[in-house]
Structures are given as structure tokens and as C-alpha cells.
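Let chain Z serve as the given structure and place chain Y on it in line with the hints.
Line by line, the protein sequences are chains Z and Y. Anchor point for the first sequence: position 116 equals 116 in the working numbering, and the numbering is continuous, going up by one each time. Anchor point for the second sequence: position 157 equals 157 in the working numbering, and the numbering is continuous, going up by one each time.
For the record, the hints were derived by calculation from the structure and aren't laboratory data. Only a predicted model underlies this, so the values are computations on that prediction, with no experimental measurement involved. Glycine included, each C-beta is placed from N, C-alpha and C at the ideal position. One or more hints might be untrue.
Just a few of them, taken from the derived set where beta-carbon distance is under 7 Å, the chain Y residues facing chain Z [unchecked claim]:
{"no.": "1", "residue": "PRO29"}
{"no.": "2", "residue": "VAL33"}
{"no.": "3", "residue": "TYR40"}
{"no.": "4", "residue": "ALA132"}
{"no.": "5", "residue": "PRO140"}
{"no.": "6", "residue": "VAL142"}
{"no.": "7", "residue": "LEU146"}
{"no.": "8", "residue": "MET147"}
{"no.": "9", "residue": "TYR161"}
{"no.": "10", "residue": "TYR252"}
{"no.": "11", "residue": "PRO260"}
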Amino acid sequence: MSQPTLAHDTVRTPFLSKALPTAVILVGAIYCLVPVAWVIVASTKSRSELFTTFTFAPGSGLVDNLKDLFAYGGGQYGSWALNSLLYAGVGSVLSVIVSAMAGYGLAKYQFRGRNLVFYAILAGVLIPGITLAIPQYLLMSKLGFAGSYASVLLPMIVSPFGIYLCRVFATAAVPVETIEAARLDGAGEARIFTNIGIPMMLPGMVTVFMLQFVGIWNNFLLPFIMLSDQNKYPITVGLYTLLSKGSGEPALYSIAIIGAAVSIIPLVALLLFLQRFWRLDLISGGLKG
Amino acid sequence: MTTTTTMPTTTSTGGTTRTRSRRRSPIAPYVFVAPAVVLYLAFLLVPMLYSVYLSFRGLRLVEGGAFGKRQEVFIGLGNYVSAITDRDFLAGFGRLAVYGAIAVPLTLGLALVFALLLDLGATRAKRFSRTAIFIPYAVPGVVATLMWGFMYLPLTSPFSYVTEQLGWGTIPFLENPEIFGSIANIAIWGGVGFNMIIIYTSLRGIPSELYDAARIDGANEWQIAWRVKVPLVTPALVLTGLFALIGTLQVYGEPTTLRPMTSAISQTWVPLMTIYRDAFVRDDLPRAAAGSVFLAVCTVALSVILLRLTQKRAFGES
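Chain Z on its own, in the form it takes in the complex (with noise of 0.2 Å):
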């Protein structure tokens, strides 16, 4: 920070030029970094502790906290954070395939129709999903899926955005040539989609696998609405059925916490595993067209 003299064309000091920006975004990463900070901190105090000592303060319950987590109402947690794990993955999986397929289709093949599900899909980006989700439980009810897990996995596989993005890409990163000259060679349509189309699409749909996967696993109010057992929720819905009780019985604050704790860590390190392989530049370059 303390170099002598810097200064060759520019007038500024050096403090101004280097550590002023990184000071700001050093508070900005401080900033993002605190509550996550404070609830694995919290997450090791005892009951007792955690009203008493200084909040940042470590305590001495963790292993007592993490045997509480996983016995609560039977081992819940655990299934909460299995369901969580399957809404998420078979979902987004599902999602990427289903985007995959439909943004190559519109993106490599002129068709009758294919404006209007081009538009019927833009629209959908901007309907919030979430407005849908008592309709959909409504029809859901009627058809007496209500309550399933196939009801909150199957209204998450559609994702306008999704298929919006992967036209985007296959527009831009499968040369028309490539096609062509595989079907000189005799490739069938599916053939060509899953040899050529797919891996080099790839990037793209690592960018839609991990938009839906945090999508789905940060969904509320969907479950929340769809689902009735227990033992069915994600994590999300379970914290909040933990929290909302908390209020009458302090003891499950801990609980809370420690399962708020434990939920971040598996995503967090699956987004900094994915973090090198997608292509967010697509989401800001679609809009050029």
C-alpha cells in the first residue's frame, strides 16, 4: 500500500488510485460475509449462550447443537435436506434437458409456429412465476396431486428464462456448417442434437442447470403452499415451520440456526465448484440478441 512514488502520468495519489477501490469493495465483500460469519458462530453456542455471551462470541454447543439438529422430530432435518436435494437436482436436470432441447429446436430449425412459441415463452419470462403457484396448486388439488412430491417438482422444470437462454446459445455457439455437414454425412436429427448440439452447448446449460438448481433450492412459497406433510418440505419450509415456532419455544432457535448453518455449506460450495464453468456474460449478452 505504501509504495514511494508511483505517480508517472497521473496526478492522483496512490491512495486514491489503488486502495480507495479496494477498500470499497473490501466492505462490500465484508458486508456479504458477516451474516454468514455470525450464524456459523452462533450455530456453536448453547442454548444458554446465545442470548448471554457476546454474539460474537464462539460457544461451546456445537456438537450438543448438531445432535439436537438431527434428532429434531425424528430426524427431519435430514429428510428436508434429502427433499431439498431432489426438488433441486432431478429438477434442474430435468429443466436443463427440457431447455436444452427446446432453445436448439427454436434456435436451429425454421418450423410453422415457431414464433409463436418463440413469444409465448418471452411472455412467460415475465410472468412471476410465483403468482402462479396458487393456481397451480388449485388445479393440482383437483387432480388430487396436491401434497406430492411430483407437485413440487414438476411446475419447476419449465423455465421460460431457461429455454430463453439456451436459444440464445445455440444460435450462437453451433455453426450451422457443423450441422450441415453432419447430415451430408448421414447423422439423424437426435443424433446430431446429442453429439454435436449438446457438447457444445455445454457452458450454456451448465449456466441454466445452476440458475434452476439455486432456483428451486431457494424456493418458498411453492412448497410452502403445495405441500402439508412434514416430512415432504425442503429445507426452506422446514426452517420456517422451525422459526415460526421458535417464537412460543426458544429451544428451537438453536435448531434454527445450526440448520441454517448447515444448509448454506453444500451450496455454497457447489456454486464456487460451478463458478468456473458458466457463462453469465450469456444472460447480459442475450439481450443484444
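Quick look at chain Y alone, frame taken from chain Z:
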């Protein structure tokens, strides 16, 4: 939404016979889009139409007998009138406006500042900062609310701890009107990183010759950021603004999760909470449907207005 590729469409009549004959199987594109279309119809279009249908229905007494049977009949716009004239529902939109006025500009402003700083040569600790600021994206709104909620609660708040030590007492995060800032803060915390990455990737796409040209003209980094970079990333800003707007109208999880911790949040704090109450507490599904349709129409209308207003700036003077 955008100026999409203006390919000459050869849809309805004929197309060129050359491209048609080259095609192996004319059904291939339909097979590709079929799963998406089927799911779209089943989980978007049909629920939407059903919700519109339901919004015109209502339980009314029909003729016959002293007790008269209650039957579901068409009642026209009755549900809309009762939903829109409901003071709770309207107050919810008012609260959304206050919340949005805090959350949207701050989220976008901070995201833009951080993105510009990441793009600046002089900034250090970039990788760490970028990752740290992005981490909240992976934290569900409910979990974020839980964490911030405890950091607001006087007994466990580190901020109130500091102010108490200084003799200023606790900070009333969970009371009116501070609650607006407190809930907006949760949304800002969760949204800055994602928007920052979108703007940043868009900045990386700008050819560096443009900066060289500006430097030769004597522009400093501040001027380059403000006069060259910001105008060029306007499409990304419009997109992030659009998402922030849609996100604002859909606020539900945060106030609902925070409710057990405070009395400042009513059962109808935001419109979606009123809709939820109508549907599941009052069992008035038609009115809930009318509320949902109204909220969806508001969202689409606001999105279209935003895109219209920004179109010239975002996509050049065309």
C-alpha cells in the same frame, strides 16, 4: 422483450423449397420443442387461464327454499372490485413501493459500483471480493431472513451490542418504520452479487481499444467508467433492473419468515401475503385468483413500461 434476431421467417407459406428439401425429418423441430411446450401449457398457461376463469366466479345464494343453496356462479368483476378496494391489499402495494424504492436502486447501484471496481486495474483482492459478494446468491431468502433476523433481534444483534456499549441503546430494526430498511437490506444482500456478476461479465465484453482511445483523449478512470463503461452496459442494467422489479412485486418469503420475530409485519404486509390469506385462511379462492391476476398484470405492465422507457437508451436510437 428484446430486439431478437430478425431472421426472415419462412413459416406459414411455403418457405424456400431449397431449405425444405434439405431437411431430413420435418417433425424433428416439433419433437425438440414438444416437452417444453407441453410443460408450458400444463404449468403456465392452463393455471393462468384457470386463475382468470376462477377470478370471475363466486359463491352466491341461488333461488330456492328458505335457506337457499350457495352455488358457484359467474359474478363478473365482483372479485376484482372487492380485491382492489380492499384496504389491506392496497396498503400492501404501498409498502411494496416503499420497500422497492429502497431495495431496487441500492441493489443496482451497489452492483454497478462493485462491477466497475472489479473491472478496474488498480483494485486488489478481486477474486476474494467477487466470490464473497456472490456467496449470498446461494443462500435461500428464508435462510437469509433467518440470519439477518437474529442480527436484528436486540438480544442477539451485534449492531445493537455495539450501540448499547456506546450507551445509545438498541437499534429498532424490527419496528416501524425501520422494518422497511431491514427487509430491503435482506434483499440487497441477496441480490447484489448476482447483479454484479451480470454487469461485470458485460463489462468484460467491451473491447479495450475503446478505453485506449478514451485515455489518449485524456480521460481519467473515473470519466472512462462514467462516460464509456456505464453507457455500454446499459442493456445489462436494464435486465437487472427488470429482474429487481419483478422480484420486488413477488416479495413474500422474507416478510413471512420475519413475522414471528416482530409485530411490525401484519398478515397482509405485502400483496402476496393478502392473496395467501384469501386463499388459505379465508378460503376465498376466487378473490385470491383475482388478486393473483391483478398482481401478474401489474408486473407485466411495469415490465413493459420499463422496457419501453429504457429501450432507446439500451438499444441505440433505432
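Hint by hint, here is what the structure shows:
1. PRO29: holds, 4 Å
2. VAL33: holds, 4 Å
3. TYR40: Interface hint status for TYR40(Y): holds (5 Å vs cutoff 7 Å).
4. ALA132: ALA132(Y) check passes; min Cβ-Cβ to chain Z is 4 Å, inside 7 Å.
5. PRO140: Nearest chain Z Cβ about 4 Å off; hint holds.
6. VAL142: holds, 4 Å
7. LEU146: Holds, about 5 Å.
8. MET147: Result: holds, 4 Å to nearest chain Z Cβ.
9. TYR161: Holds. Min distance 6 Å.
10. TYR252: Status holds, d = 5 Å.
11. PRO260: holds, 4 Å
Hint compliance for this structure: every hint is met.
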